[in-house]
Amino acid sequence: MQMVVITPAGELYNETVDYVVVSSRNNGDFALMKNHAPLISAIDVGYVKMVRSQDVLFTVIVNGALEVQDNVISVVAQEAHVGLNKDSAMEHLEEVRKARLEENRKRTQDFLKAERKLKQSIREAKASKR
Amino acid sequence: MSSMREIKNRINATTKTSQITKAMHMVSAAKLQKAERAIKNYRPLPERLSRVLSRVLKSDRELSHSMLEAREEINKTVYIIVSSDRGLAGPYNNNIFKAFQKHINETHDDNSEFEIAALGYKAFAFAKRNGYTMIHDDVIQIRDDVQFLDFRQISDTFITGYLSGKFDKIVVFYNQFVNTLTQHVRSTTLVPLEQNPLLEAEDDDDQTYRTIYNYEPSAQSVLQEVIPMYVTNLLYGMILEAKASEHASRMTAMQSATDNANDVIESLQISYNRARQDAITVELTDIIGGAEAVK
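So the protein lines, in turn, are chains A and B.
Mapping of the first sequence onto the numbering used here: position 82 corresponds to residue 82, and the numbering continues sequentially without gaps.
Mapping of the second sequence onto the numbering used here: position 191 corresponds to residue 191, and the numbering continues sequentially without gaps.
These are calculated hints, taken from the structure and not from any lab test.
Among these hints, one or two may not hold up.
[Said to hold, decoys possible] Pair ranges (Cβ atoms, derived):
hint, chain 1, residue 1, chain 2, residue 2, range
1, B, 29, A, 9, 14 to 24 angstroms
2, A, 44, B, 16, 54 to 64 angstroms
3, B, 143, A, 56, 51 to 61 angstroms
4, B, 134, A, 98, 21 to 31 angstroms
5, A, 51, B, 137, 28 to 38 angstroms
6, B, 26, A, 98, 29 to 39 angstroms
[Said to hold, decoys possible] To give an idea of the interface, some chain B residues facing chain A are shown, with a C-beta separation under 7 angstroms as derived from the structure:
hint, residue
7, 48
8, 215
9, 225
All values derive from a computational prediction rather than experimental measurement.
Every residue gets a Cβ at the ideal spot worked out from N, C-alpha and C, and that includes glycine.
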């Protein structure tokens with residue numbers, strides 16, 4: 001089976017898997033194995049456990065849709081992260097989100113400060129009166 | 001005529017300006033490439049999402065969602081204006097603001113009929129300057145390395161506002177990226193989705209429509225989850241387009257600024273040469289006059 005995870009930043013994962021287990025807060029858990037009937041589902045917050053022989057990977061998802069057709073599982077997610085462990089992957093996702101929002105806040109503050117300073121300098125230089 | 005020193009100073013100043021505009025042109029060109037890559041990476045997502053959505057909708061004609069149907073009475077419209085944070089981008093911001101004001105004058109009698117969501121500092125300043133009501137108090141910047149996360153919170157505000165009945169329509173004003181030289185101001189109705197062409201994109205003859213899907217837990221609940229997601233992604237796509245347009249517009253503006261500066265330098269150089277020649281002539285006349293006087 002092919003497993004594809006797509007996020008707004010592009011394709012996050014595209015590999016073959018033996019089977020997957022989908023777990024979400026709204027739908028509970030279900031497994032998808034080879035030749036599964038076509039299925040569409042939504043994931044609010046959850047994860048997809050991807051198993052290939054001995055390897056197990058987890059893709060944590062925040063707001064996503066899942067489609068299964070012709071042995072291809074497509075997951076479209078607004079936020080997703082692939083990790084070895086579902087808790088650590090979710091933690092990473094939250095850390096990234098927090099860091100980005102904090103950075104945005106700081107940048108906006110710095111930008112507004114710089115803008116104010118520039119306007120003040122223009123006023124002091126009386127540039128418009130020359 | 002200005003003195004030689006004055007002309008030389010102006011030539012130096014204009015040369016420095018042209019160096020800056022040239023550097024800005026190159027920076028914008030690099031950023032435009034990145035923005036185009038971001039659009040390319042983003043494209044598969046709305047395609048797949050709209051495919052899922054159209055399959056769910058076509059599985060049962062009875063399915064409905066409040067974001068799919070236009071409300072009979074539109075009391076409050078939200079206008080999302082996507083602008084840049086910084087200037088020096090040619091007519092990029094002004095074109096949007098002009099188109100927006102024209103639309104407002106044509107469709108609304110009173111400012112209380114709509115609210116503004118300003119994405120980008122310039123739009124924020126524009127809304128403040130004109131005294132429009134805004135749905136947020138803080139500036140929402142559109143960074144060059146724009147990410148979906150940056151607009152998550154504000155997108156949720158739109159969606160919950162629409163679903164709770166606070167807003168009846170959401171329209172986005174943004175610059176659509178066509179190519180480096182062409183960007184069009186577009187106003188698109190984001191919600192309700194009824195006239196969205198993407199949802200009708202697939203042909204009925206397509207084989208995949210004959211596939212019968214199971215829905216987990218049900219088609220209606222999938223629809224409830226997927227539609228808000230689709231709307232936020234559509235908005236994100238527009239922001240990406242606007243960002244690419246901004247870089248393209250800045251690139252073109254800086255290129256013409258560099259060309260103008262070069263023209264100015266050229267004409268100043270001619271004036272400088274003329275002034276130099278005049279000075280030499282005056283000096284020669286003085287020398288000859290002096291020599292004549294000695295005789």
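Hints and how they fare:
1. In this structure the supplied range 14 to 24 angstroms holds for residue 29 (chain B) paired with residue 9 (chain A), their Cβ-Cβ distance being about 22 angstroms.
2. For residue 44 (chain A) paired with residue 16 (chain B), a C-beta distance near 56 angstroms keeps the hint of 54 to 64 angstroms intact.
3. Between residue 143 (chain B) and residue 56 (chain A) the beta carbon distance is about 36 angstroms. The supplied range of 51 to 61 angstroms is therefore violated.
4. Taken as a hint, the range 21 to 31 angstroms holds for the pair residue 134 (chain B) and residue 98 (chain A), whose Cβ atoms sit roughly 26 angstroms apart.
5. For the hinted restraint 28 to 38 angstroms between residue 51 (chain A) and residue 137 (chain B), the CB-CB distance of approximately 48 angstroms leaves it violated.
6. Evaluation of the 29 to 39 angstroms hint for residue 26 (chain B) and residue 98 (chain A) yields a pass: the beta carbon distance comes to about 35 angstroms.
7. Against a cut-off of 7 angstroms between C-beta atoms, the interface hint on residue 48 (chain B) holds, since the closest Cβ of chain A lies about 5 angstroms away.
8. A hinted interface residue such as residue 215 (chain B) counts as satisfied when its beta carbon comes closer than 7 angstroms to some beta carbon of chain A; here the least separation is about 6 angstroms, so the hint holds.
9. Interface hint at residue 225 (chain B): satisfied, since its Cβ lies 3 angstroms from the closest Cβ of chain A, which is below the 7 angstroms cut-off.
When held up to the earlier numbered hints, the structure conflicts with 3 and 5 and fits the remainder.
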